[in-house]
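**Q** For the record, the sequence lines run as chains A and B. With positions in the first sequence counted from 1, the corresponding number in the working numbering is that position plus 21. With positions in the second sequence counted from 1, the corresponding number in the working numbering is that position plus 21.
Note that these hints are calculated values from the structure, not bench results. Since this is a predicted model, take the numbers as computed values, not measurements. Incorrect hints may have been included.
No copy is singled out in the list; a pair is fine if it fits within one copy or between any two copies.
[Stated by the list, open to error] Okay, derived cross-link-like pairs now, SDA-like style, lysine to any residue, Cα gap no bigger than 25 angstroms in a straight line: (1) K196 to E104; (2) K196 to P239; (3) K62 to R84; (4) K196 to R84; (5) K62 to D82; (6) K62 to E241; (7) K62 to A88; (8) K62 to T244; (9) K62 to S85.
There are 2 protein chains.
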Amino acid sequence: MSRAVVTVSGGLDSVTLAHLLFADGWDLTLASFDYGQRHVKELDYAEACAARLGVGHRVVDLRSVGALLSGSALTDDGVDVPEGHYTDESMKATVVPNRNMILLSVATGLAVAEGADVVATAVHAGDHPIYPDCRPEFISGFEALARRANEGFAPAEFSVLAPFLHMDKASIVAKAAELDVPLRDTWSCYRGGERHCGRCGTCVERREAFEVAGVTDPTEYETVAV
Amino acid sequence: MSRAVVTVSGGLDSVTLAHLLFADGWDLTLASFDYGQRHVKELDYAEACAARLGVGHRVVDLRSVGALLSGSALTDDGVDVPEGHYTDESMKATVVPNRNMILLSVATGLAVAEGADVVATAVHAGDHPIYPDCRPEFISGFEALARRANEGFAPAEFSVLAPFLHMDKASIVAKAAELDVPLRDTWSCYRGGERHCGRCGTCVERREAFEVAGVTDPTEYETVAV
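One chain only, chain A, in its complex shape (with noise of 0.2 angstroms):
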């Protein structure tokens, strides 16, 4: 089996990744990245995943260039989190300029130092509609484009894996539940406390994600549901 170099938040979706390529035989890295976001503790179940699977952390420090970037709920503590629901036109508070790109080209760096042919996101269908750079038409986008930038030091066939492209969220609960990957030790909230708000977009996306797949959701929320 070849290798891949997965990015992981240690959030519900990226963790899931991680379990599901490593179920797949993938000799795997994991990658995390540290732009100054306000929930940067989402990094230590990231790394928790890695301990769990016995496989390689590395945490790329990206706060000079998150600072650069700040005017987004998610860096710039002068910008409120939005809550509601995550498709909201609110959202848009939450869109780092350019993040995934730059996020997938450092992956991209790492994963043609490593010699793996594979760079792994967990981008899905929920994150569409309120960021361009987790379409379909991005990932096809950026793989080419790696491909080219890489030409000659990279393998022929590199490729970016994104396997929940085209499935929601609630399904991603789904797959982990059939993988016993341990929910718990996630991380989606936005703001970073103690505990998920539980009325962030990204935690109430959360919730509505364990109640549509049927799975017990084992988060502790600071709030009960709306």
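We have chain A; now place chain B onto it with these hints.
**A** For chain B alone, kept in the frame of chain A given last:
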């Protein structure tokens, strides 16, 4: 006139590019990158360029990324800087995996955050044989992907400007002379010593460019030309 983010290393090509765009009336922000290159002193020349033009300068700390991508002669003290001609096979040792895709992705994020329409890069024809991420098909592919990644957040006409893409380095020196760019205040040498070494690939290329352009070379080298 519109706003452009220009990636400026402090070398001859990118400093000339900044002067060219400034002369053309662009509102500029210079962006430089510390990726742990041993010739990090080049950044002082980028800073001097910004001061001379009276424009903003952002230095992005990507040392954590450089550490991940080690194995290149540019970032790894364990790998010797090759001597000889820039287009030699040996220059492959100076490839930092996916470097341009990473740097241009960060510059694009900055452009979107600042409301700039353009990212400008000084890649030139002499880079093409060695660096796949400096070739015309990479630049056009990058522009298309950057538009896709930032749809709804960047101007629809967002573009990547690479006016030297089909010029060789001698033509850039000629252009610099025409614009009165103080080329003494630029840095090329990969070794990053007190003076330009005169022997590494980029020094050899620099010397040759002045000679071919018929422009007096103001650079102080450690060694005389071979």
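**Q** Indicate, hint by hint, whether the structure satisfies it.
**A** Comparing the hints with the structure gives:
For a Cα distance limit of 25 angstroms, the shortest separation of K196 from E104 qualifies neither inside one copy, at 27 angstroms, nor across copies, at 54 angstroms. In this assembly of identical chains, the alpha carbons of K196 and P239 lie at most 25 angstroms apart only when taken from the same copy (16 angstroms versus 65 angstroms across copies). Proximity of K62 to R84 under the C-alpha cut-off of 25 angstroms is found in both arrangements, the shortest distances being 14 angstroms within a copy and 22 angstroms between copies. Taking CA atoms no more than 25 angstroms apart as the test, K196 paired with R84 passes in neither setting, with 33 angstroms inside one copy and 37 angstroms between copies.
In this assembly of identical chains, the alpha carbons of K62 and D82 lie at most 25 angstroms apart whether taken from the same copy (14 angstroms) or from different copies (22 angstroms). Taking the shortest Cα distances, K62 and E241 sit within 25 angstroms of each other inside one copy (15 angstroms), while across copies they are farther apart (50 angstroms). In this assembly of identical chains, the alpha carbons of K62 and A88 lie at most 25 angstroms apart whether taken from the same copy (18 angstroms) or from different copies (23 angstroms). In the homo-oligomer, the alpha carbons of K62 and T244 lie at most 25 angstroms apart inside one protomer (20 angstroms), although the nearest pairing across protomers, at 53 angstroms, exceeds that limit.
In the homo-oligomer, the alpha carbons of K62 and S85 lie at most 25 angstroms apart both inside one protomer (18 angstroms) and across protomers (19 angstroms), since each shortest distance falls under that limit.
In summary, the numbered hints that this structure violates are 1 and 4.
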